[in-house]
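Chemist: Residues per chain are reported as follows:
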Amino acid sequence: EVRLVESGGGLVQPGGSLRLSCAASGFTFSSEWMHWVRQDPGKGLVWLTRISPDGSDTKYADIVKGRFSIFRDNGRNTLYLQMDSLRAEDTAVYYCAREFNLTPKEDYWGQGALVTVSS
Amino acid sequence: DVVMTQSPLSLPVTLGQPASISCRSSQGLVTSDGTIYLNWFQQRPGQSPRRLINKVSKRDSGVPDRFSGSGSGTYFTLKITRVEAEDVGLYFCMQGTHWPYTFGQGTKLEIK
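Chains as they are written, first to last, in my numbering: chain A, 1 to 119; chain B, 1 to 112.
I should point out that these hints are in silico values taken from the structure, not numbers from a laboratory. The structure presented is a predicted model; accordingly, all values stated were derived computationally and were not measured. Some clues are possibly wrong.
[Stated by the list, open to error] Under the rule of at most 20 Å between Cα atoms (straight-line distance), these lysine to aspartate or glutamate pairs were calculated in the DMTMM-like manner:
(1) B/Lys55 - A/Asp73
(2) A/Lys105 - B/Asp65
(3) A/Lys43 - B/Asp87
(4) B/Lys55 - B/Asp65
(5) A/Lys65 - B/Asp1
(6) A/Lys105 - A/Glu89
(7) A/Lys59 - B/Asp87
(8) B/Lys108 - B/Asp87
(9) B/Lys112 - B/Glu86
(10) B/Lys58 - A/Glu99
(11) B/Lys58 - A/Asp73
(12) A/Lys105 - A/Glu32
[Stated by the list, open to error] Not everything, but these chain B residues come out facing chain A in the computed CB check (under 8 Å):
(13) Tyr37
(14) Asn39
(15) Asn54
(16) Ser57
(17) Asp60
(18) Val63
(19) Phe67
(20) Phe92
Note that CB positions come from ideal geometry on N, CA and C, so glycine has one too.
Just chain B, same shape as in the assembly (with noise of 0.2 Å):
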């Protein structure tokens, strides 16, 4: 299986500031018709996940432009460029290339 691995797995960020979350994968993530199907996902607390961004960096409908998503290869990342209250909670990303999909860790990012 892929192994999925974030870092850091604790994010305590200042409200205004910016937040990174990296991820790597132990295997490339490329299709043969050249698409990357790595997702990332937000958790908030008591809610259910929910999709940010697809194929690397394609932000889904009604998230924020100050989520993006970047990366190829093994080597991803998910930015906020300034963060606020309701980014509270835990992102995980998810690769969909191979079977079976699987997930990071979790990164929980908190208010400092």
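One chain only, chain A, in its complex shape (with noise of 0.2 Å):
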């Protein structure tokens, strides 16, 4: 069975940081592309990074790019978003996806993780 379990959401002050994790299990995490996508509270769904199975090639949306890093650790098989100079903007529920667009293999989407930044 295909698993993406999200973990490390919680609250945190406005210019603070937080570390996202994906544990992956069920599928071979080494051979795929994965995306990190948030749905906000008014439930719109923004992507906003993507790695590539080696972890070589990145992709950042630009509201995040300068402030948030992905990266995975393929032996832990944990995909992972580190979030620096955090806004009230970014609260929303982080989403950590396989990859969803050049395949038509089937996707699969962690359950979440909320993300609160207020003082």
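Take the two lone chains and join them into the complex the hints point to.
Modeler: Quick look at the structure:
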């Protein structure tokens, strides 16, 4: 069974940092492109970032470029999102997901991690 | 960024009746090899999104055949032939041709 389990969400003050983790199982993690997508309180989805299977190729949305970093540990089957300089508008549910655009293979999403940025 | 505009944003439908959601992109979505990376996602209440349709019209595994996607150029449509109770939720189109990937605002389907 494929599972993606996010952790690391919580309450953080503006300007603070948080690291999300996404533990993968049930598939060959090291062979898959992975993404982070967030859903704001108004329920819209926003694509944030993507990483190649070996971690050498990353892409970011402008809204997080320079503040967020995606990386992975294939030995631990874990995807990460390092979030720095957090702002109130970063408050959202953050999802990790297996590649859902370039392949006809089934997509998989985690259950989501809530990040609240507030003083 | 490519803007994806969905309509309607709210869609009350009677059980057993058809439903249709449109999605318009601010730019063409055809790649140099002719592929159109236009996807549709469903998000049931309390659940994570899941893809229903990829590349405009290819239904994902396990997706009922009452769901279909079509379109070309900058105009795309998701249709449900007969709405069932389990179809309640949010529907999003998403383009993956241009960076960054962008989603439509979402359409909330509810039973009338």
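Chemist: All hints, please: hold or fail.
Modeler: The hints, checked one at a time:
Straight-line distance between C-alpha atoms of B/Lys55 and A/Asp73 comes to about 30 Å, which puts the hinted pair past the 20 Å bound. The suggested pairing of A/Lys105 with B/Asp65 holds, with an alpha-carbon distance near 18 Å, which does not exceed 20 Å. Between A/Lys43 and B/Asp87, the direct Cα distance comes to roughly 17 Å. Compliance with the 20 Å bound is thereby established for this hinted pair. A hinted pair counts as satisfied when its Cα atoms are at most 20 Å apart, and B/Lys55 with B/Asp65 qualifies at roughly 16 Å.
A distance of roughly 14 Å separates the Cα atoms of A/Lys65 and B/Asp1; the hinted pair therefore holds under the 20 Å criterion. Proposed proximity of A/Lys105 and A/Glu89 is contradicted: the alpha carbons are some 33 Å apart, above 20 Å. Only pairs whose Cα atoms come within 20 Å are accepted, and A/Lys59 paired with B/Asp87 is rejected, the gap being roughly 33 Å. At most 20 Å may separate the alpha-carbon atoms for a hinted pair to count; B/Lys108 and B/Asp87 meet this at roughly 10 Å.
Taking the CA atoms of B/Lys112 and B/Glu86, the gap is about 14 Å. The hint holds against a cut of 20 Å. For the suggested pair B/Lys58 and A/Glu99, the alpha carbons sit about 16 Å apart, so the restraint of at most 20 Å is met. Restraint check for B/Lys58 and A/Asp73: not satisfied, since their Cα atoms lie roughly 32 Å apart, outside the 20 Å limit. Taking the CA atoms of A/Lys105 and A/Glu32, the gap is near 11 Å; set against the 20 Å cutoff, the hint holds.
The interface hint given for B/Tyr37 holds, since its Cβ lies 6 Å from the closest Cβ of chain A, which is under the 8 Å cut-off. The interface hint given for B/Asn39 is met, as the beta carbon of that residue sits about 6 Å from the closest beta carbon of chain A, less than 8 Å. Look at B/Asn54: its Cβ gets to within about 6 Å of chain A, closer than 8 Å, so that hint holds up. Residue-level restraint check for B/Ser57 is violated (minimum Cβ-Cβ distance to chain A is 12 Å; threshold 8 Å).
With its C-beta approaching chain A no nearer than about 6 Å, B/Asp60 sits inside the 8 Å limit, and its interface hint holds. A cut of 8 Å between beta carbons decides the hint on B/Val63: the least distance to chain A is about 10 Å, and the hint is violated. At its closest, the beta carbon of B/Phe67 sits 15 Å from a beta carbon of chain A; the interface hint therefore is violated under the 8 Å criterion. Against a cut-off of 8 Å between C-beta atoms, the interface hint on B/Phe92 holds, since the closest Cβ of chain A lies about 6 Å away.
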